[in-house]
Amino acid sequence: AGLGDGEAAELFATVVNPMVVTLVDDAVGTLKSKEEEPSVAALESLLDFMARAASAFLALCPNPDIPPVRYNGDTGKGKLEQLYTRYAYHALLKMGDGDKMERLSQLQDLLLVKPGKAESIGQQVMQKTMQKMMAGEVEVPELMEAMKGMGGDMFGSMFGEDGKGLENLLNMDGMEDMKAAVGPDGKMNPQMMQESINQLKQLAKAGLSPQEKEDIRKQMKDMGLDLNEVIRVSESLGNQLDPE
1 AGLGDGEAAE
11 LFATVVNPMV
21 VTLVDDAVGT
31 LKSKEEEPSV
41 AALESLLDFM
51 ARAASAFLAL
61 CPNPDIPPVR
71 YNGDTGKGKL
81 EQLYTRYAYH
91 ALLKMGDGDK
101 MERLSQLQDL
111 LLVKPGKAES
121 IGQQVMQKTM
131 QKMMAGEVEV
141 PELMEAMKGM
151 GGDMFGSMFG
161 EDGKGLENLL
171 NMDGMEDMKA
181 AVGPDGKMNP
191 QMMQESINQL
201 KQLAKAGLSP
211 QEKEDIRKQM
221 KDMGLDLNEV
231 IRVSESLGNQ
241 LDPE
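Quick note, the sequence shown lines up with residues 1 to 244 if you use the UniProt record's numbering.
If you are wondering where the hints come from, they were derived from the structure by calculation, not from laboratory data.
Be a bit skeptical, because a hint or two may be false.
Stated by the list, open to error - Straight-line distance between alpha carbons at most 20 Å, and here's what the computed SDA-like set of lysine to any residue pairs gives:
| hint | residue 1 | residue 2 |
| --- | --- | --- |
| 1 | Lys128 | Glu36 |
| 2 | Lys132 | Ser120 |
| 3 | Lys77 | Glu36 |
| 4 | Lys94 | Pro67 |
| 5 | Lys34 | Lys132 |
| 6 | Lys34 | Thr129 |
| 7 | Lys94 | Pro38 |
| 8 | Lys100 | Asp48 |
| 9 | Lys100 | Ala53 |
| 10 | Lys79 | Lys132 |
| 11 | Lys117 | Glu102 |
| 12 | Lys132 | Glu35 |
| 13 | Lys128 | Leu93 |
| 14 | Lys32 | Lys94 |
| 15 | Lys32 | Val16 |
| 16 | Lys32 | Lys77 |
| 17 | Lys34 | Ile121 |
| 18 | Lys100 | Pro115 |
| 19 | Lys77 | Leu11 |
| 20 | Lys77 | Thr30 |
| 21 | Lys117 | Lys128 |
| 22 | Lys79 | Leu23 |
| 23 | Lys100 | Lys32 |
| 24 | Lys94 | Asp26 |
| 25 | Lys100 | Arg70 |
| 26 | Lys114 | Phe57 |
| 27 | Lys117 | Ala53 |
| 28 | Lys114 | Pro67 |
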């Protein structure tokens, strides 16, 4: 009680910063695992600590002028960005959970991830999810629901203003084969994937008017994807399929 703003900020930093460094460094240790769950759990613990610390401090100092807490340890930005990437993928798969997206924003600031890098990571995460969707590991309806619920610059605009960028793309003229490759259960049919790959190649190279090509590329761009990259990913997945 009776602390000035400067004293309050210094006290908060003295108490919180060392713990933040410890928790972040502990989370970095989980990057050795190929599984993402340990990293996500460690980051959830970090964010929970931050929330509790802020709540407790506000009870003592209701109106402090405290700058945002940011990691100031020795871990390099590459590792910090890896942590952020893992949590971004986790947040995406939580199907529009606003709390997860808010936490992702907090983590971006805490781990010193620049806005441009965060946007790039968001696109990488989207491409990874697209790969899993095409491999049948992620159901399209769940992914579409997630996109509808997500706001913010990172994911909110990737699937168009109505949250149906992929659905709109599949409904365009000339995309019948690719739409047919998505079964009623929302999974990509592996037997029809090669036809979809060939169709994407044709769409990228010829057979459509310049305006039609531009429309398709715009749909892809709205999803945060590049048409040529999707073709490359699709070919890679197609080559991994067992022959019939």
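Violated hints - listed by number, lowest first:
Hint check: 4, 10, 14, 15, 19, 23, 24, 26, 27 fail, others pass.
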